[in-house]
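Engineer: Given next are the chains, with one letter for each unit.
4 protein chains.
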Amino acid sequence: MPVLGQNQYGKAEVRVVRVAREGAVHHLKDLNVSIALSGDMADVHHFGANTHVLPTDTAKNTVYAFAKEYGIESAEQFGIHLARHFVSSQPPIHRARIRIEEYGWERISAADTGDDTTGGHSFVRRGGETRLCEITHDGERWQVVSGLRDLTVMNATDSEFWGYAKDKYTTLQEAYDRILATDVSARWRHAWESDDQAAPSWDGSYERVKKSILRAFCATYSYSLQQTLYAMGASVIEESPGIEEIRFSLPNKHHFLVDLEAFGLSNDREVYVAADRPYGLIEATVLRNGAVAAIPVDLTNV
Amino acid sequence: MPVLGQNQYGKAEVRVVRVAREGAVHHLKDLNVSIALSGDMADVHHFGANTHVLPTDTAKNTVYAFAKEYGIESAEQFGIHLARHFVSSQPPIHRARIRIEEYGWERISAADTGDDTTGGHSFVRRGGETRLCEITHDGERWQVVSGLRDLTVMNATDSEFWGYAKDKYTTLQEAYDRILATDVSARWRHAWESDDQAAPSWDGSYERVKKSILRAFCATYSYSLQQTLYAMGASVIEESPGIEEIRFSLPNKHHFLVDLEAFGLSNDREVYVAADRPYGLIEATVLRNGAVAAIPVDLTNV
Amino acid sequence: MPVLGQNQYGKAEVRVVRVAREGAVHHLKDLNVSIALSGDMADVHHFGANTHVLPTDTAKNTVYAFAKEYGIESAEQFGIHLARHFVSSQPPIHRARIRIEEYGWERISAADTGDDTTGGHSFVRRGGETRLCEITHDGERWQVVSGLRDLTVMNATDSEFWGYAKDKYTTLQEAYDRILATDVSARWRHAWESDDQAAPSWDGSYERVKKSILRAFCATYSYSLQQTLYAMGASVIEESPGIEEIRFSLPNKHHFLVDLEAFGLSNDREVYVAADRPYGLIEATVLRNGAVAAIPVDLTNV
Amino acid sequence: MPVLGQNQYGKAEVRVVRVAREGAVHHLKDLNVSIALSGDMADVHHFGANTHVLPTDTAKNTVYAFAKEYGIESAEQFGIHLARHFVSSQPPIHRARIRIEEYGWERISAADTGDDTTGGHSFVRRGGETRLCEITHDGERWQVVSGLRDLTVMNATDSEFWGYAKDKYTTLQEAYDRILATDVSARWRHAWESDDQAAPSWDGSYERVKKSILRAFCATYSYSLQQTLYAMGASVIEESPGIEEIRFSLPNKHHFLVDLEAFGLSNDREVYVAADRPYGLIEATVLRNGAVAAIPVDLTNV
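From first to last, the protein sequence lines stand for chains G, D, Y and C. Count the first sequence with this note's numbering and you get residues 3 to 304, in order. Count the second sequence with this note's numbering and you get residues 3 to 304, in order. Count the third sequence with this note's numbering and you get residues 3 to 304, in order. Count the fourth sequence with this note's numbering and you get residues 3 to 304, in order.
Don't read these hints as lab results, they were simulated from the structure. Please note: incorrect hints may appear among the correct ones.
All copies of an identical chain are treated as equivalent in the list; a pair is satisfied when it fits inside any one copy or across any two copies.
[Claimed, not checked] Below 25 angstroms or equal to it, Euclidean Cα-Cα: the simulated SDA-like pairs (lysine to any residue) are:
| no. | residue 1 | residue 2 |
| --- | --- | --- |
| 1 | Lys170 | Ser111 |
| 2 | Lys255 | His28 |
| 3 | Lys70 | Leu267 |
| 4 | Lys255 | Gly165 |
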């Protein structure tokens, strides 16, 4: 008989918004929560026997109830509450994995409106990167991976690419001053793994990692996107003692200099085509010395 | 024989990035340009005779060449150069319509990186709304419509909805304190229409309109999204003398209060479901007294 | 005071699936319904007075109730029921516009499974084009526009492009045997406009129009996509007496022949790049002699 | 110093269309190819030294050249040619992973057009599922994973869900006759792993697996989506001796029966809401007895 292998189930993309109201000043958290539960699930696969199956509808309800019972201090902390709950309250469930996307909102300010009576309850959704986290718990140990995607950055200079391998299919011209642009997608794993350890400040940690990434991106005079990737990863590991490893997936968003000679025009690094497909894709993990890699090769978005 | 009606052709979604370099400080413009040309095009439709057809590939080339020849001061000004060119240089072309999306980039600052040596050539793509414009020219008159989409805003309070019409299919409960959230999509038409008039500051105009929209959104104690829409439109018309009309398309991004009573919990405007579909959709034009509406009922994105 | 112009409101993207069960053989209709209502709506815009506003939530409920009360014979017929209801039952509502997307499903057959006991209740969603319609009613007259989008077609030969206008920005080489590919998006308006006239068979009409489009696409030896467009439109008008006009929006999905000479290889119309952006965009209306165009220049999807 | 972990690079989403012409009858292959190369890449990450880096632009060129040199018999066979080339020709490259999406086209037939002179060079893009494969090669062994996504199926009856675990957050009502719908995403690994073995017929294998999946979906009277998943997986393993394991990711596309009682209407399994988010997500691997799982937990699309 064919054998049942790794399996998991749950509710994906539960959209919850929590408003905390301090008088006229309100605070928002806007999350997209996905729950995957594993355990003693042979019977439901083999016979459709649901005794061990807590409905995915219940998982959804739990997200809403916990947003009330615990509030949402941070996505990571909220995910920890949820993962602990499923594993500790349902004996057939041995492992819970919670993935959360967080959408940022900023208070609309007097600078936005030109009116300093703008109240404390109006918000505009911040663009830019989406913050991510994944919490995995087996009843004893924790694995917390934080991350971001869609942090789109560009260096308009200080990037070269030459000296590469060539074969009979190589036609690329060497570049001594090119645009380097990418959508940073990154996931980093925290050293914290036990309730016996003090948990980090999840928000503070996030801000520190993001600063390391941006600083290394700006500061690296780049001869390849791989070099920039490693510099970003190394900065994170060196500047955040609580991070064990970080993985990046970096599309090389090609900006090709347009050949304007046919029109009698020069193009001294002024006019570029922003290309869509194909794109280079550079992926790597950078680890603290001694750490064992746990982040999968393929990053997933939710 | 079936009759050929309105027709137009051109190149859509030409992606151009222009870098202006002032020493170590660089400036970026990142546009998505779509060109639609109309004129004496009967023969190409009826017989495939291309004599009057300037290739769409040439339209694309022109975008890149003009980015060099004229630079990109603003999307509107760039579109004006393009529209004038096609109509004035190709006798069979009687009308040109240029649509442009602009993607915003911000210089990465010391605040982003914690490093005050951050240079002048590193950028992060700004999220939030996308700026839009459409330039139409027939050789004499101009019509300039500016706009934005995906400006996502939320009022966490100061919104009610009651006193509405009811029929046998009405089950909605009246709301005395609800979340009001929308993705603002707006297009506004400038009074400027002739080369004899002084052109407005396109960037200054954009900032003023956006401020009017945000201020009215914040300041309106709302009994319906229609009321908020009109308040936003009226603010724009009153505060921007150069704007003749503005049209909005506002999805009502429903945030439903979750019923937590089954779990023994209250929910005093704290925990909401952010719903996807269906959504209310509120659309209207607000005009300056005496203006004649020219913006179509259905807004289009590019 | 700024003036309120054209305005409409309603519920968009109401997703309804109806199952009709004839014993073991079931039938599916899967629609996405969007409702826009207009009328005497000044007070809600000016004062937030909702007396004339039937809630969009009620519009949604009506879709579900009517799917039970009337069934869904065709999207067009369903839209007619809805439009008539809103205009006739709510005096402040003077006009209703119903847009419907229909998703096709096919019964899974013995050919799909290799098992001729496959029952009558299993379906696979058909890919290919999405069927569309828009019903507008003002209490007296009807306007019915049917359509489709995402009908992606390709001719691997029988397409040329040469003899076009050239200017100083023209670099395109003439083509004497190219691929012609497009995603057909079309909307056609029916002559039917009064309850006094017999309504057409909406499903039969749709199949006839689609056949005309495909046949003209196949049969036209093309010297430009405009020529193919007109041929498709003329076929529809000539072969469907109940259609007054049809509008197309046809992206020219460029397939560029790859230059393999650098690798010592020839490429006799074998290997192509399928490009994304930019793309040519060809749009036109074809009308029955004497008909007055009513389909807007910009087609919208929902 | 932070340590470089798993890393790979290459060109993603190379879009290639190949036309094979047999007189007037043409044949199409339409692929989206993504290449990831790994090997001795420390220096490029640490120092930006590109000596070992074959440019991603060259990887792109190779796709086009190979489409000419080898043709495209099947996506799997094409991927095998590419993977072998990179590993065998570039000493620093130790491993190549090729992922391919294939878009299906059908010849437009007389049945589509009502005209039996329809030629052999006109095609319509088939909707429905997208075929996928991933080829991995380290110079000795092969791993071939084939798959599909977006095969959307529905059983209008023969699905129940009851007898599940309940906790204080459970409010779901048991269902004795519900709609079961999902978008099948599946990946299956072939036993073939050495050039010494005869390779399977990749196209024949694909058709057999798809039939097994559809047949099991139709034939399973389901008490849970997990049961249906296992039945589909077991069918594949039992009916395709060359398949070692298969993994599914199945969103439970909820169709909720609408409560029409408030309108005085019954709803005997007729009218449903097709919901978007959240959705149940059921994922599992089914293996041949003795096989070792190699397909990752998270399926990726390209």
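Engineer: For every hint, state whether the structure bears it out.
Structural biologist: Hints and how they fare:
Neither within a single protomer nor between protomers do Lys170 and Ser111 lie at most 25 angstroms apart by alpha-carbon distance, with minima of 58 angstroms and 42 angstroms respectively. Taking the closest pair of Cα atoms, Lys255 and His28 come within 25 angstroms of each other only across two copies (19 angstroms); inside a single copy the shortest separation is 38 angstroms, beyond that limit. Proximity of Lys70 to Leu267 under the C-alpha cut-off of 25 angstroms is restricted to the inter-copy arrangement: shortest distance 8 angstroms between copies versus 63 angstroms within a copy. With identical chains, the CA atoms of Lys255 and Gly165 are at most 25 angstroms apart within one copy only, with a shortest distance of 21 angstroms there and 36 angstroms across copies.
Of the numbered hints listed earlier, the single one contradicted by the structure is hint 1.
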